[in-house]
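So for the sequence shown, UniProt numbering puts the first residue at 1; every next one is plus one.
Any given hint might turn out to be false.
[Claimed, not checked] Okay, the calculated beta carbon distance ranges per label pair: (1) V399 x A227: 50 to 58 Å; (2) P284 x D262: 51 to 59 Å; (3) A298 x A155: 17 to 25 Å; (4) Q488 x S205: 42 to 50 Å; (5) S112 x H291: 47 to 55 Å.
[Stated by the list, open to error] Capping the alpha-carbon separation at 27 Å, the derived lysine-lysine pairs in DSS-like fashion look like this: (6) K107 x K40; (7) K318 x K13; (8) K496 x K478; (9) K332 x K216; (10) K388 x K319; (11) K478 x K77; (12) K114 x K318; (13) K318 x K376; (14) K106 x K496.
Think of the hints as simulated: they come from the structure by calculation, not from any bench.
Idealized CB from N, CA, C, for every residue including glycine.
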Amino acid sequence: MPDSLTKKTPKPKYDVILIGGGIMSATLATLLHEFEPGLKIAIFERLGRFAQESSAAWNNAGTGHSAFCELNYTPIKEDGSIDISKAEEIAEQFEISKQFWAYLVKKEYIQSPKQFITSCPHMSLVFGPSDVEFLKKRHEAMTQSHLFQGMEFTADHDQLREWIPLVMQKRNSHEILAATKMDMGTDVNFGTLTRKLGRFLADDSNVDVFLYHEAKELELRDDGKWAVEVRDRLHQHSQEVVADFVFIGAGGYALPLLESSDIPESEGYGGFPVSGEWLVSHNPELIEKHHAKVYTLASVDAPPMSVPHLDLRVIDGKKALLFGPFAGFSTKFLKEGSYLDLPESINFKNIRSLFGAWWHNLPLTQYLVRQVAMTKAQRVQHLREFIKDANEKDWELKVAGQRVQIIKKDEELGGKLEFGTEVVVNQNGTIASLLGASPGASTAAHAMIQVLEKCFPEKLQNEWREKLLEIIPTYGQKLTDNPELTAQVRRYTKEKLELDY
Numbered sequence: 001m002p003d004s005l006t007k008k009t010p011k012p013k014y015d016v017i018l019i020g021g022g023i024m025s026a027t028l029a030t031l032l033h034e035f036e037p038g039l040k041i042a043i044f045e046r047l048g049r050f051a052q053e054s055s056a057a058w059n060n061a062g063t064g065h066s067a068f069c070e071l072n073y074t075p076i077k078e079d080g081s082i083d084i085s086k087a088e089e090i091a092e093q094f095e096i097s098k099q100f101w102a103y104l105v106k107k108e109y110i111q112s113p114k115q116f117i118t119s120c121p122h123m124s125l126v127f128g129p130s131d132v133e134f135l136k137k138r139h140e141a142m143t144q145s146h147l148f149q150g151m152e153f154t155a156d157h158d159q160l161r162e163w164i165p166l167v168m169q170k171r172n173s174h175e176i177l178a179a180t181k182m183d184m185g186t187d188v189n190f191g192t193l194t195r196k197l198g199r200f201l202a203d204d205s206n207v208d209v210f211l212y213h214e215a216k217e218l219e220l221r222d223d224g225k226w227a228v229e230v231r232d233r234l235h236q237h238s239q240e241v242v243a244d245f246v247f248i249g250a251g252g253y254a255l256p257l258l259e260s261s262d263i264p265e266s267e268g269y270g271g272f273p274v275s276g277e278w279l280v281s282h283n284p285e286l287i288e289k290h291h292a293k294v295y296t297l298a299s300v301d302a303p304p305m306s307v308p309h310l311d312l313r314v315i316d317g318k319k320a321l322l323f324g325p326f327a328g329f330s331t332k333f334l335k336e337g338s339y340l341d342l343p344e345s346i347n348f349k350n351i352r353s354l355f356g357a358w359w360h361n362l363p364l365t366q367y368l369v370r371q372v373a374m375t376k377a378q379r380v381q382h383l384r385e386f387i388k389d390a391n392e393k394d395w396e397l398k399v400a401g402q403r404v405q406i407i408k409k410d411e412e413l414g415g416k417l418e419f420g421t422e423v424v425v426n427q428n429g430t431i432a433s434l435l436g437a438s439p440g441a442s443t444a445a446h447a448m449i450q451v452l453e454k455c456f457p458e459k460l461q462n463e464w465r466e467k468l469l470e471i472i473p474t475y476g477q478k479l480t481d482n483p484e485l486t487a488q489v490r491r492y493t494k495e496k497l498e499l500d501y
């Protein structure tokens with residue numbers, strides 16, 4: 001971002017205000033700008049650069065979440081069969097993201113897709129007879145859907161040595177394990193993508209981008225417009241900025257900002273912050289032996305976001321290996337937040353939800369305590385379940401992004417943890433907020449179209465419709481029902497994004 005962005009002063013009134021400079025706000029701003037270039041848009045980011053929090057490359061796994069390898073998206077039903085409906089839903093949502101990114105490349109808003117997306121096989125790996133049987137049944141169920149055709153399964157050690165030589169190194173020949181492999185998987189640098197969108201937006205005269213500017217409070221005025229108190233963190237100056245529509249895409253800070261709006265839809269929400277750490281290796285000998293993202297099953301009582309995986313990462317053209325995540329804990333809602341974030345978020349409207357969620361998730365609390373107490377040597381011992389001869393000297397600890405898990409009120413339990421992503425919108429659609437974590441950035445385009453459907457339904461069906469179909473050619477159609485359309489759109493995005501699976 002150019003330095004001039006830190007010197008501008010916000011205008012008193014905008015059509016749209018977006019809070020936060022992450023992938024969600026950048027995606028929504030780009031869509032709105034494409035639909036209606038004359039809209040006066042302001043984006044406020046509290047740090048000095050876009051994508052410094054959850055969207056930053058090292059703050060997430062970089063997995064293009066398409067449900068190819070994430071085993072928690074395919075639960076076992078009571079009758080013993082595998083439910084793939086969630087996996088199909090996530091796969092469709094990622095296809096929407098790929099179409100959006102392909103449009104950006106086609107319009108030359110982004111010159112080289114390889115700067116932010118690369119092909120990387122997605123694999124699921126399991127150990128022991130019962131889990132191998134589960135993976136085999138999962139593979140059989142998933143390959144019935146054309147969304148997952150091409151997925152391979154093997155329990156053969158020779159085949160596994162071809163797929164994952166680093167994982168198979170020094171492994172007992174009698175060990176029972178199996179894997180599935182989907183070559184269509186991707187590794188995505190969401191930080192680079194977000195900053196490219198930010199630069200594109202900042203170059204337009206109708207879009208004002210303000211760095212080091214923090215939204216503090218939101219208030220609904222009598223005329224139906226939103227007043228946002230904005231603090232210039234460099235010059236220690238506050239002012240009120242008014243907008244017809246506000247989107248809160250501020251990561252962990254979305255929750256306190258949503259609460260400040262006092263909309264009825266925000267009542268009862270709480271948040272539980274969870275941080276994470278990776279083991280990272282830049283050793284070229286190790287990297288040469290691992291060319292995939294390999295996910296396994298979560299341990300008992302672990303949240304879905306803590307599923308262990310060993311990933312190839314491509315960040316700024318450089319390859320690395322990443323293993324984790326290991327859960328951590330901080331009362332901050334953002335990495336660059338305040339230790340008072342969690343206590344200050346507790347109020348009379350959400351305290352029952354928070355207590356209920358805590359009481360009914362005591363094993364999760366115990367899991368987090370154990371994870372936080374782990375030494376580096378203990379973390380490397382976990383890594384050795386994947387890489388038998390892992391050397392502690394080859395790996396360094398890196399702190400990942402801060403996530404805030406949603407806690408919702410529940411009549412029966414008081415409150416319950418939600419592990420997905422949720423869009424909260426007021427009754428007349430003048431304010432929207434995104435809460436939650438996984439699958440997050442991968443499905444940003446779908447999430448932001450959801451926001452538009454709820455807040456601008458008439459425009460989306462009328463004057464914005466033609467442009468929407470240009471950006472997302474499959475909009476309004478279900479890929480699960482249409483093999484030909486799926487094949488067509490995947491050929492299109494593969495070409496535009498220069499994927500080489």
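Each hint tested on the structure:
1. V399 x A227: 50 to 58 Å: With Cβ atoms ~36 Å apart, the hint is violated.
2. P284 x D262: 51 to 59 Å: Because 55 Å falls inside the window, the suggested range holds.
3. A298 x A155: 17 to 25 Å: 21 Å, holds
4. Q488 x S205: 42 to 50 Å: 37 Å, violated
5. S112 x H291: 47 to 55 Å: This hint is violated: roughly 21 Å between Cβ atoms.
6. K107 x K40: 22 Å, holds
7. K318 x K13: 43 Å, violated
8. K496 x K478: 22 Å, holds
9. K332 x K216: The given pair, whose Cα atoms are some 16 Å apart, holds under the 27 Å limit.
10. K388 x K319: Measuring from Cα to Cα gives roughly 21 Å; hence the hint holds.
11. K478 x K77: 24 Å, holds
12. K114 x K318: Cα-Cα ~12 Å, so holds.
13. K318 x K376: 24 Å, holds
14. K106 x K496: Distance of about 7 Å is within 27 Å: holds.
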